[in-house]
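Asks: Chains as they are written, first to last, in this note's numbering: chain L, 1 to 492; chain R, 1 to 156.
Simulated from the structure, these hints should not be mistaken for laboratory data. As the structure is a prediction and not an experimental result, all values here were calculated from the model. One or more of the hints may lead you astray.
Unchecked claim - Lysine to any residue pairs mimicking SDA-like chemistry, simulated, CA-CA at most 20 Å apart:
| hint | chain 1 | residue 1 | chain 2 | residue 2 |
| --- | --- | --- | --- | --- |
| 1 | L | Lys272 | R | Ile137 |
| 2 | L | Lys268 | R | Ile137 |
| 3 | R | Lys115 | R | Ser128 |
| 4 | L | Lys289 | L | Thr438 |
Stated by the list, open to error - Which bits of chain R does chain L cover? Going by a derived footprint, with three or more residues having C-beta under 8 Å, they are:
| hint | segment |
| --- | --- |
| 5 | 24-37 |
| 6 | 69-77 |
Just so it is clear, CB atoms sit at the ideal spot from N, CA and C, and this is done for glycine as well.
Given next are the chains, with one letter for each unit.
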Amino acid sequence: MTIAKYITLMLFSAFLFAQDGAILPGQKSAIQSLSTAAGFSSADLNTYLVQNYGQTLGSLSRTQGASVIKEFQTGSASKPVAAKQEADLAIASILEVGMKKRFHFTDGSVRDGEIVSIENEVVAIKTGSGTFNIPANQFLSETAEIKNKKGELFKGVVLGETAEEYIIRTSYGDAVVQKKGIQSMKRYHGGILDRQSEERRKFYQSEAQLLSVFMDPTAFPLTGNTFYLSGLSIGYGLTDRFMITTKFGSDFNGDLNLHPRMRFYHRKSAEKEVAASWGLGIHRKYPSKSVIGKYSHAINITDSAGVITPLNEMTKDKVANSDDALTVDDVVSTENVSGLYAEAFLVFSSRRVNPTGRGKIGWTLGAKISNAFVGRDDIINQSKLTPGGDAISWSESSKYTVPFRTWLSLEYDLRKDLKFVGSAWVDNGYKTMAFGDTFDDYTDNFSLDSPGGEVSMIDFDFGILYAVNESFRIGLHFQQPYIDFYWEFFEF
Amino acid sequence: MNKFLFSLLLGCAVIAAQPGVNLQAVRDIRLQNLKRDYTGSTIRFIVPGSTSVMGMLKDVTDKNFIISHNGSPAVYGHEEIDYVFIDPGFTGKLMAFGVGLIGGAAGYMGVIIAKKNANASWKGVTSSLGLALGGRIGFKTFFKPIKIDISGKTRE
Chain L
1 MTIAKYITLM LFSAFLFAQD GAILPGQKSA IQSLSTAAGF SSADLNTYLV QNYGQTLGSL
61 SRTQGASVIK EFQTGSASKP VAAKQEADLA IASILEVGMK KRFHFTDGSV RDGEIVSIEN
121 EVVAIKTGSG TFNIPANQFL SETAEIKNKK GELFKGVVLG ETAEEYIIRT SYGDAVVQKK
181 GIQSMKRYHG GILDRQSEER RKFYQSEAQL LSVFMDPTAF PLTGNTFYLS GLSIGYGLTD
241 RFMITTKFGS DFNGDLNLHP RMRFYHRKSA EKEVAASWGL GIHRKYPSKS VIGKYSHAIN
301 ITDSAGVITP LNEMTKDKVA NSDDALTVDD VVSTENVSGL YAEAFLVFSS RRVNPTGRGK
361 IGWTLGAKIS NAFVGRDDII NQSKLTPGGD AISWSESSKY TVPFRTWLSL EYDLRKDLKF
421 VGSAWVDNGY KTMAFGDTFD DYTDNFSLDS PGGEVSMIDF DFGILYAVNE SFRIGLHFQQ
481 PYIDFYWEFF EF
Chain R
1 MNKFLFSLLL GCAVIAAQPG VNLQAVRDIR LQNLKRDYTG STIRFIVPGS TSVMGMLKDV
61 TDKNFIISHN GSPAVYGHEE IDYVFIDPGF TGKLMAFGVG LIGGAAGYMG VIIAKKNANA
121 SWKGVTSSLG LALGGRIGFK TFFKPIKIDI SGKTRE
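Turn these sequences into a full structure, and let the hints steer you where they fit.
Replies: Here it is in structure tokens:
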């Protein structure tokens with residue numbers, strides 16, 4: 001690669017990783033000015049930040065910094081009454097026989113267990129390490145502030161938690177809040193915000209809900225009113241079951257295209273969610289060069305001696321004499337440079353709670369076909385011999401009768417913000433490409449349609465996907481396109 | 001109505017006195033959700049005496065399920081019922097069959113790519129294996145009843 005490409009790549013990487021770095025000096029000074037104007041002392045500000053974000057000013061992230069500024073600007077930041085001492089920690093107001101959860105105590109210890117009895121203010125709690133008799137005033141209260149996607153805010157004591165819902169005792173009654181509908185949540189133990197231990201140890205599902213694994217779709221579409229932007233396409237969730245994307249690189253080249261996806265089957269329970277979807281892709285002026293590039297290994301070049309060589313073996317780097325090399329331009333018909341292209345897929349997906357209680361695991365099985373081989377003889381220049389005097393024709397092999405791809409992909413939540421993904425496929429148009437070639441292909445026209453690479457029709461790939469923040473995801477894996485990144489903006 | 005709710009709350013006190021955190025408010029919300037999401041669906045539940053009851057859910061009242069059996073309504077008290085099951089229907093079978101079909105297609109495609117001049121036997125065997133494996137996974141995934149918790153319990 002050239003130096004310019006390395007610089008572009010580094011700038012691009014820096015841009016991606018700058019999505020949620022440490023707080024900016026400008027943000028710090030803005031917070032200090034705004035807090036002073038709101039009557040906060042330095043100690044008040046520190047207490048406020050620790051209580052609400054679990055961090056001091058210098059340790060906040062850029063996103064948190066923006067959030068704090070917004071709170072001061074909207075006047076929603078209230079001055080803490082006083083710095084809390086250990087003795088002032090809020091004590092649990094509700095303890096009942098049968099409560100089974102993670103209990104936090106005033107001395108900082110934590111125990112998983114079930115309350116088996118309460119007598120004379122002494123609580124017997126049964127844990128995996130034995131039964132303990134603990135005074136009731138040693139149990140810290142567990143409260144939460146939950147904001148759901150409708151904008152409702154619930155504040156109260158956490159009575160219980162199941163795989164699917166939280167039960168909160170608010171001042172006006174008990175509320176059952178579906179985890180699926182939660183937009184943000186703050187959890188407090190003894191009145192202090194808990195950001196670390198519980199979220200990392202146990203989480204219901206990761207922040208990233210996959211629309212696709214690498215380039216293959218899952219059966220779960222975008223949620224309604226969500227905007228999607230990736231390096232190849234933009235999209236929108238029109239309803240919870242229907243979404244549309246378009247490949248903007250092709251759009252700008254006159255090949256207007258739409259890719260609707262519809263979830264036609266969905267069942268969900270506390271522990272499991274299954275779905276099935278169909279999808280279409282329609283391009284009005286799909287370049288014939290893209291079809292030839294993708295299936296270059298299915299195009300035979302027959303020389304005057306009758307020796308047959310596939311087109312992908314005739315590139316400059318693979319032939320001894322560079323005059324014998326062929327490009328897609330040598331093969332494509334000058335009359336049919338583009339045409340109507342359609343593809344359709346059917347996909348089934350399943351996600352379930354990991355038996356360990358940490359996140360979810362899921363799989364997707366799908367199949368896709370296209371009309372790329374309809375009239376395929378018309379898109380190559382059969383009548384004209386190439387400069388080397390060779391004849392061009394499509395392979396008659398049965399494996400090139402219909403363009404197809406089937407895939408089986410897997411996802412596994414490693415942490416709340418990190419997912420392992422893998423995929424295996426059978427695809428009669430797949431060629432594996434080096435990173436540099438992929439980069440060249442992408443920067444050429446913001447799409448992946450290079451004729452290069454080595455034929456690898458049965459293959460697999462794996463990698464990780466990291467949720468940088470609520471809307472931005474980045475993934476790394478070992479086959480093209482190597483890097484995935486996308487944004488999802490809810491209620492755009 | 002207020003008297004009725006008051007009576008219901010008194011009833012809750014009895015339930016809440018049982019071991020475990022069993023809140024009538026939570027149960028009420030879950031019953032409302034069941035009514036909202038599954039009215040018109042075929043549900044199944046076990047009544048005391050281990051008798052399984054199945055029918056189309058017509059309504060959920062504070063104390064009863066109203067179920068339709070072959071067009072005639074029947075009333076079952078739900079006070080002692082903690083779980084309701086929604087059995088997969090014909091569409092569940094179709095989904096399982098669809099997964100099997102993709103498995104079969106993958107087997108066929110795999111063999112024509114991996115084996116040069118694969119004969120009909122090879123194609124048949126790999127397609128059948130793919131179909132069987134996909135079908136098995138499909139049935140295990142898409143053909144399972146959904147278990148709905150309508151108890152007032154707030155713990156897992």
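Asks: Let me make sure I understand: some of the numbered hints might not hold for this structure. Which ones are they, in numerical order?
Replies: Result: hint 6 breaks, nothing else.
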